[in-house]
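Please build the complete structure, drawing on both the sequences and the hints.
In case you want the letters, here they are:
Protein chains: 2
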Amino acid sequence: MNYIKQPMEIEKRSFEIITEELGGRTFPEREGKIIKRVIHTTADFQYADITLIHPEAISEALESLGKGCKIYTDTKMAMAGMNKRALAKHQCEVYTLVDDPQVALEAKERGITRSMVGMEKAMADENTKIFVIGNAPTALFMLCQYMDEGKVNPSLVVGVPVGFVGASESKEELITKSVPYITTRGRKGGSTVAAAIINALLYMME
Amino acid sequence: MNYIKQPMEIEKRSFEIITEELGGRTFPEREGKIIKRVIHTTADFQYADITLIHPEAISEALESLGKGCKIYTDTKMAMAGMNKRALAKHQCEVYTLVDDPQVALEAKERGITRSMVGMEKAMADENTKIFVIGNAPTALFMLCQYMDEGKVNPSLVVGVPVGFVGASESKEELITKSVPYITTRGRKGGSTVAAAIINALLYMME
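Chains as they are written, first to last, in UniProt numbering: chain W, 1 to 206; chain H, 1 to 206.
What the hints contain is simulated information worked out from the structure, not anything from laboratory work. Among these hints, one or two may not hold up.
If several chains are the same, the list does not tell them apart, and a pair holds so long as it fits within one copy or across any two.
[Stated by the list, open to error] Result set (SDA-like, lysine to any residue): computed pairs, CA atoms no more than 25 Å apart in a straight line: (1) Lys-5 to Lys-108; (2) Lys-89 to Glu-56; (3) Lys-108 to Tyr-95; (4) Lys-76 to Gln-6; (5) Lys-70 to Met-147; (6) Lys-151 to Glu-120; (7) Lys-12 to Ile-112; (8) Lys-84 to Lys-108; (9) Lys-121 to Asn-83; (10) Lys-121 to Ile-10; (11) Lys-67 to Met-147; (12) Lys-177 to Glu-56; (13) Lys-76 to Lys-89; (14) Lys-151 to Glu-63; (15) Lys-36 to Arg-25; (16) Lys-5 to Asp-99; (17) Lys-76 to Asp-100; (18) Lys-33 to Asn-199; (19) Lys-89 to Gln-102; (20) Lys-5 to Ile-112; (21) Lys-108 to Leu-87; (22) Lys-33 to Glu-172; (23) Lys-12 to Lys-76; (24) Lys-76 to His-90; (25) Lys-76 to Leu-87; (26) Lys-33 to Ala-48; (27) Lys-76 to His-40; (28) Lys-12 to Glu-109; (29) Lys-67 to Ala-88.
And the structure:
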């Protein structure tokens, strides 16, 4: 069987196809890099329409990443998908608490999601500047509430929960805030989208 | 803000919405569980049309999982997304070699993808009965070639690479084989889809 076996060649050709199929649609350079990487990850061109990037989001994110910050995410999958070599190069670090046994216990006692309890703890950490929600609308709702109350002030919120119950509503709530955000309106999103957005930002720094 | 905070309630309501929106479309019970979990993970109803399940795939997979087998996957994200508690309950185990330093070195020397080298090593392990390809068409092409040569005989191939270069072609190659497979035709798929398929199978055993 004859097929391309070089990873760099595969990625290059993929982005060429995406650009071709986007036709006449153009985006500002940095925004375009994020949107194309999300399409590369999902093979879903709808992300060209639903991805919304706050005007300050990319510059604020790059500033925090450049100084070496902590990134909190509500999913192990998003964490697994972020480029660890690129993170380490800038003394950045990603973590999640969703699997923490103490968090699981507390969530059970309070009858709320582990994502919410994990988010509470992450918001209490002042080195955590970027919050990446790829799964749980409950975590994004809670983050919005704490921002309203002035308890947390992120450099970037990547709010891309996926699903049928609360995902869309939580993202509509996010875009009413004055925080720098990147989101995907409607039901779509998820861990692969979340990781692709962070990786696109990291690759802009190379 | 008023929103559902109980995880079981959120999942139950999500599957109700998916069933409603699928309208009159029905699937055989076990196939339907897989397809609905993929839609739950992606919020993308196109998976109802592109998901293809070999008639023997579910029974063969459940038999191997029931005996406690090893699952190889080409992505850390798919591995992170599989339910470890459910795997452990059946003495099953998931692993990937894509991050193995020896694999990286060998891939560089040979000018091929790490996914291909990892796949070669996994195929040489006789306890690995299920192969889950969520990322690399190159890994799926190689698996097809080794099946043709009679070198490997999986219980299940979950072949759902995503993307623009080779993904669709590798899946069309897979469905010409007599192996039990689950695939998503065309460009779409990925790590979240791969993990959702394995989790749907694991939940059938509970």
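Outcome of the hint check:
no., hint, verdict
1, Lys-5 to Lys-108, "between (47 Å within a copy, 11 Å between copies)"
2, Lys-89 to Glu-56, "within (24 Å within a copy, 47 Å between copies)"
3, Lys-108 to Tyr-95, "within (21 Å within a copy, 30 Å between copies)"
4, Lys-76 to Gln-6, "between (28 Å within a copy, 20 Å between copies)"
5, Lys-70 to Met-147, "within (18 Å within a copy, 45 Å between copies)"
6, Lys-151 to Glu-120, "within (10 Å within a copy, 51 Å between copies)"
7, Lys-12 to Ile-112, "between (44 Å within a copy, 15 Å between copies)"
8, Lys-84 to Lys-108, "between (32 Å within a copy, 19 Å between copies)"
9, Lys-121 to Asn-83, "both (24 Å within a copy, 24 Å between copies)"
10, Lys-121 to Ile-10, "between (40 Å within a copy, 22 Å between copies)"
11, Lys-67 to Met-147, "within (23 Å within a copy, 49 Å between copies)"
12, Lys-177 to Glu-56, "within (13 Å within a copy, 51 Å between copies)"
13, Lys-76 to Lys-89, "both (21 Å within a copy, 20 Å between copies)"
14, Lys-151 to Glu-63, "within (21 Å within a copy, 51 Å between copies)"
15, Lys-36 to Arg-25, "within (11 Å within a copy, 33 Å between copies)"
16, Lys-5 to Asp-99, "between (36 Å within a copy, 18 Å between copies)"
17, Lys-76 to Asp-100, "both (11 Å within a copy, 19 Å between copies)"
18, Lys-33 to Asn-199, "within (10 Å within a copy, 32 Å between copies)"
19, Lys-89 to Gln-102, "between (31 Å within a copy, 22 Å between copies)"
20, Lys-5 to Ile-112, "between (46 Å within a copy, 5 Å between copies)"
21, Lys-108 to Leu-87, "between (33 Å within a copy, 22 Å between copies)"
22, Lys-33 to Glu-172, "within (23 Å within a copy, 30 Å between copies)"
23, Lys-12 to Lys-76, "between (28 Å within a copy, 22 Å between copies)"
24, Lys-76 to His-90, "both (21 Å within a copy, 22 Å between copies)"
25, Lys-76 to Leu-87, "both (16 Å within a copy, 16 Å between copies)"
26, Lys-33 to Ala-48, "within (11 Å within a copy, 30 Å between copies)"
27, Lys-76 to His-40, "both (21 Å within a copy, 18 Å between copies)"
28, Lys-12 to Glu-109, "between (49 Å within a copy, 21 Å between copies)"
29, Lys-67 to Ala-88, "within (12 Å within a copy, 40 Å between copies)"
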